[in-house]
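These are the residues of each chain, in order.
There are 2 protein chains.
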Amino acid sequence: MRDEAFIPGPRLTLPGAGAGPLAGLSFAAKDLFDVAGHPTGAGNPDWPTGRPLPQRHAWAVQRLLDAGAALAGKTVTCEVSLGILGFNQFDGTPRNPAAPGCLPGGSSSGSASAVAAGTVDTALGTDSGGSVRVPSSLCGLYGIRPTHGRIPADGMVAQAPSFDTTGWFARDAATFARVAAVMLGEAIPEAVAPAPLLLAADAFALADEPVQQALLPVVERVAGLLGKGTERMTLGEPGELAVWGAQRNVIQRSEAWASFRPWIDAANPRFAFNVARNLAFAASLTEAQIALARSVRERARARARLLLEGGAILAIPTTPFTAPPLGLPLPELDRCSERIGLLCSFAGLTGVPQLSLPLAQAGGKPIGLSLIAARGQDARLVAIARAL
Amino acid sequence: MRDEAFIPGPRLTLPGAGAGPLAGLSFAAKDLFDVAGHPTGAGNPDWPTGRPLPQRHAWAVQRLLDAGAALAGKTVTCEVSLGILGFNQFDGTPRNPAAPGCLPGGSSSGSASAVAAGTVDTALGTDSGGSVRVPSSLCGLYGIRPTHGRIPADGMVAQAPSFDTTGWFARDAATFARVAAVMLGEAIPEAVAPAPLLLAADAFALADEPVQQALLPVVERVAGLLGKGTERMTLGEPGELAVWGAQRNVIQRSEAWASFRPWIDAANPRFAFNVARNLAFAASLTEAQIALARSVRERARARARLLLEGGAILAIPTTPFTAPPLGLPLPELDRCSERIGLLCSFAGLTGVPQLSLPLAQAGGKPIGLSLIAARGQDARLVAIARAL
Chain A
1 MRDEAFIPGP RLTLPGAGAG PLAGLSFAAK DLFDVAGHPT GAGNPDWPTG
51 RPLPQRHAWA VQRLLDAGAA LAGKTVTCEV SLGILGFNQF DGTPRNPAAP
101 GCLPGGSSSG SASAVAAGTV DTALGTDSGG SVRVPSSLCG LYGIRPTHGR
151 IPADGMVAQA PSFDTTGWFA RDAATFARVA AVMLGEAIPE AVAPAPLLLA
201 ADAFALADEP VQQALLPVVE RVAGLLGKGT ERMTLGEPGE LAVWGAQRNV
251 IQRSEAWASF RPWIDAANPR FAFNVARNLA FAASLTEAQI ALARSVRERA
301 RARARLLLEG GAILAIPTTP FTAPPLGLPL PELDRCSERI GLLCSFAGLT
351 GVPQLSLPLA QAGGKPIGLS LIAARGQDAR LVAIARAL
Chain B
1 MRDEAFIPGP RLTLPGAGAG PLAGLSFAAK DLFDVAGHPT GAGNPDWPTG
51 RPLPQRHAWA VQRLLDAGAA LAGKTVTCEV SLGILGFNQF DGTPRNPAAP
101 GCLPGGSSSG SASAVAAGTV DTALGTDSGG SVRVPSSLCG LYGIRPTHGR
151 IPADGMVAQA PSFDTTGWFA RDAATFARVA AVMLGEAIPE AVAPAPLLLA
201 ADAFALADEP VQQALLPVVE RVAGLLGKGT ERMTLGEPGE LAVWGAQRNV
251 IQRSEAWASF RPWIDAANPR FAFNVARNLA FAASLTEAQI ALARSVRERA
301 RARARLLLEG GAILAIPTTP FTAPPLGLPL PELDRCSERI GLLCSFAGLT
351 GVPQLSLPLA QAGGKPIGLS LIAARGQDAR LVAIARAL
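Protein chains in written order, with full-length UniProt numbering: chain A, 1 to 388; chain B, 1 to 388.
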């Protein structure tokens with residue numbers, strides 16, 4: 001029986017360089033990253049058709065190989081990275097090893113599933129609207145959405161360029177930090193400098209009550225490490241997270257439509273209904289709507305600078321709930337996606353790094369606490385995760 | 001190599017009754033009609049999942065079997081009958097034997113293809129928005145959209161109940177009339193009574209110039225048979241056909257959304273992009289928009305009564321152009337579908353019967369002239385076709 005975390009067909013493997021900081025580690029790559037000589041599937045049966053085979057590995061794949069890690073396979077993704085819950089109506093839905101019978105989260109669903117199952121040590125994902133953060137939370141993994149623009153996107157299927165990032169997963173903080181040092185090209189500091197921890201009350205209020213309760217001890221633990229106490233605050237004005245969520249959707253989807261329209265016009269490809277529907281709505285957005293959304297993004301960015309550039313760390317729930325069960329009808333799936341979007345939009349709009357910590361459970365299922373820092377402070381977040 | 005007019009898999013065949021008016025004829029059934037004990041595929045891979053197998057044949061299938069015809073297979077259809085050009089991104093696009101390298105028209109694409117190729121003598125189709133009329137025109141066949149409600153729809157996958165009809169195809173008028181007598185349960189009159197022929201100038205003006213030129217001699221031939229000359233008139237006020245086309249889309253799509261929504265909500269099925277997009281737009285229609293469209297339909301119905309209930313026959317081009325080539329990009333396919341919709345909307349909105357005559361060619365490809373009569377005068381249209 002095939003491991004449904006990986007794409008159908010023979011497993012695509014490559015040895016790593018003989019030595020290096022990641023020697024001995026295995027990794028999987030979401031099927032959005034190019035591997036030279038093999039089609040990139042992108043989770044949709046009509047994506048590879050008519051495209052030339054990649055001539056070179058994606059930057060992130062090459063980076064891990066050069067550091068000594070071995071490629072153990074390419075993993076299932078939501079169709080062209082559009083989806084946050086992890087189902088795929090063509091390739092199947094990877095299982096959630098940490099919450100049997102539940103969705104794994106997506107769109108980097110197979111990468112998270114393979115790491116959570118212990119099949120690989122680490123895995124590459126992409127995160128435009130939450131695609132590393134969400135499966136990290138639902139599968140109980142360390143996962144990061146780095147600062148936007150920090151990691152080269154060469155050889156990665158673009159979705160929404162002003163949101164697209166490359167992230168990775170690991171089961172333990174030490175492995176996560178080893179990979180982080182390679183991906184960021186920067187040593188992970190041993191020491192964690194004192195800093196205030198901001199608890200975003202408006203973000204917590206969007207989570208289910210048991211999730212809030214499960215995460216508060218983790219917040220205290222982080223605050224203890226940072227040594228300057230916890231300050232309750234809000235990310236936005238009342239209701240502003242909902243505005244940011246909606247406007248993030250407008251910008252991201254309009255960029256996705258621009259990315260995928262030439263292919264859609266030429267091929268009229270097959271999609272699950274919800275994926276096609278969301279693209280169709282994006283097609284009907286007007287320039288005025290998109291311009292309004294961009295002005296809202298500027299407000300969120302100003303807020304991020306004000307909150308974070310003094311060195312504070314911000315804590316929010318990564319997702320508002322634990323892994324939803326398989327088999328939900330589409331309207332319920334849509335409600336889940338919309339609620340998740342509210343929590344993922346802050347880092348998405350502002351480009352700041354966000355790391356999800358797998359240190360809590362609610363109802364027997366994992367739930368992530370996210371730490372957010374100012375742009376460029378990716379290594380600092382990793383250091384905090386490792387020191388906890 | 002499989003005959004791409006038929007659905008993939010073993011050919012589903014059934015003998016006809018030993019004797020009867022259709023003894024010796026073979027027929028194919030669009031895969032929207034039930035055959036007892038076999039899944040109805042409806043042109044979409046996720047339609048049959050979880051549905052019980054049909055316990056009995058669809059009314060139309062049983063009717064032809066009882067009359068002595070033998071079932072020779074089930075044919076490819078556009079997904080859940082949504083489509084007018086005949087492509088199917090899952091099952092493939094049946095070829096157009098009369099226009100190689102071109103689309104066959106749809107949604108009864110495989111039925112028309114099999115008849116045009118000579119594989120079967122006749123074939124069942126459905127016509128909600130043009131799904132028998134259009135492939136008749138593009139493949140050079142006799143085909144009818146009967147009076148709405150005339151033929152029982154039992155055992156046929158419903159799309160838009162106030163538009164859905166069951167029709168059939170044949171290569172020659174004699175066979176077409178034999179099948180018609182069985183399907184209508186009414187003898188086809190030998191004599192054709194004198195009647196005025198109305199040439200709808202506004203409908204002709206929507207067709208390409210070579211199509212208009214190709215059809216005018218057929219109009220004259222029909223007028224000669226009817227013996228009361230040709231009267232040039234218009235179906236609507238200036239611009240009204242465009243209004244009818246748009247409002248027909250609103251009503252038909254809103255009914256299709258109501259038909260398919262429970263399945264879509266439960267299964268989030270796979271579709272070609274254009275099919276999902278059109279359903280998604282239907283989902284966003286408001287009650288007020290639908291009510292407005294229904295009031296426009298009343299105006300079209302009043303016009304049909306005024307024009308036709310005195311016994312006149314109306315002539316319009318079945319399609320505004322001959323079969324488009326394969327491989328067009330989606331925006332061009334959409335423009336083709338929209339133009340076709342303008343000509344198909346009159347009978348769709350008003351429920352009158354429309355028969356397409358395969359008596360003309362333009363640029364070496366078939367083009368149909370449609371005759372339209374008052375509700376219930378199906379047999380009269382068939383008699384005219386046979387007498388020409």
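Calculated directly from the structure, the hints in this document are not laboratory data. Be a bit skeptical, because a hint or two may be false.
What the hints assert, rightly or not - Distance windows between CB atoms, simulated:
(1) A/L216 <-> B/L285: 25 to 31 angstroms
(2) B/R335 <-> A/G18: 26 to 32 angstroms
(3) B/A258 <-> A/G9: 38 to 44 angstroms
(4) B/P21 <-> A/P10: 53 to 59 angstroms
Stated by the list, open to error - Far from chain A, some chain B residues (derived; all Cβ distances over 12 angstroms):
(5) P45
(6) G149
(7) R232
(8) N268
(9) A272
(10) A280
(11) G327
A quick note: this is a predicted structure, and the numbers were derived from the prediction, not measured. Virtual Cβ for every residue (Gly too), placed ideally from N, Cα, C.
Right, here's what the structure says about each hint:
1. A/L216 <-> B/L285: 25 to 31 angstroms: violated, 45 angstroms
2. B/R335 <-> A/G18: 26 to 32 angstroms: Hint violated: Cβ distance 58 angstroms, outside 26 to 32 angstroms.
3. B/A258 <-> A/G9: 38 to 44 angstroms: 40 angstroms Cβ-Cβ, so the 38 to 44 angstroms window holds.
4. B/P21 <-> A/P10: 53 to 59 angstroms: Since B/P21 and A/P10 have Cβ atoms about 58 angstroms apart, the given range 53 to 59 angstroms holds.
5. P45: At roughly 9 angstroms from the nearest Cβ of chain A, B/P45 sits no farther out than 12 angstroms, so the non-interface label is violated.
6. G149: The claim holds: B/G149 sits with its nearest Cβ about 31 angstroms from chain A, beyond 12 angstroms.
7. R232: holds, 39 angstroms
8. N268: Nearest chain A Cβ is 5 angstroms from B/N268, so the label is violated.
9. A272: Not fine: 5 angstroms to the nearest Cβ puts B/A272 too close to chain A.
10. A280: violated, 4 angstroms
11. G327: violated, 9 angstroms
Hints 1, 2, 5, 8, 9, 10 and 11 from the list above are not met by this structure, while the remaining hints are.
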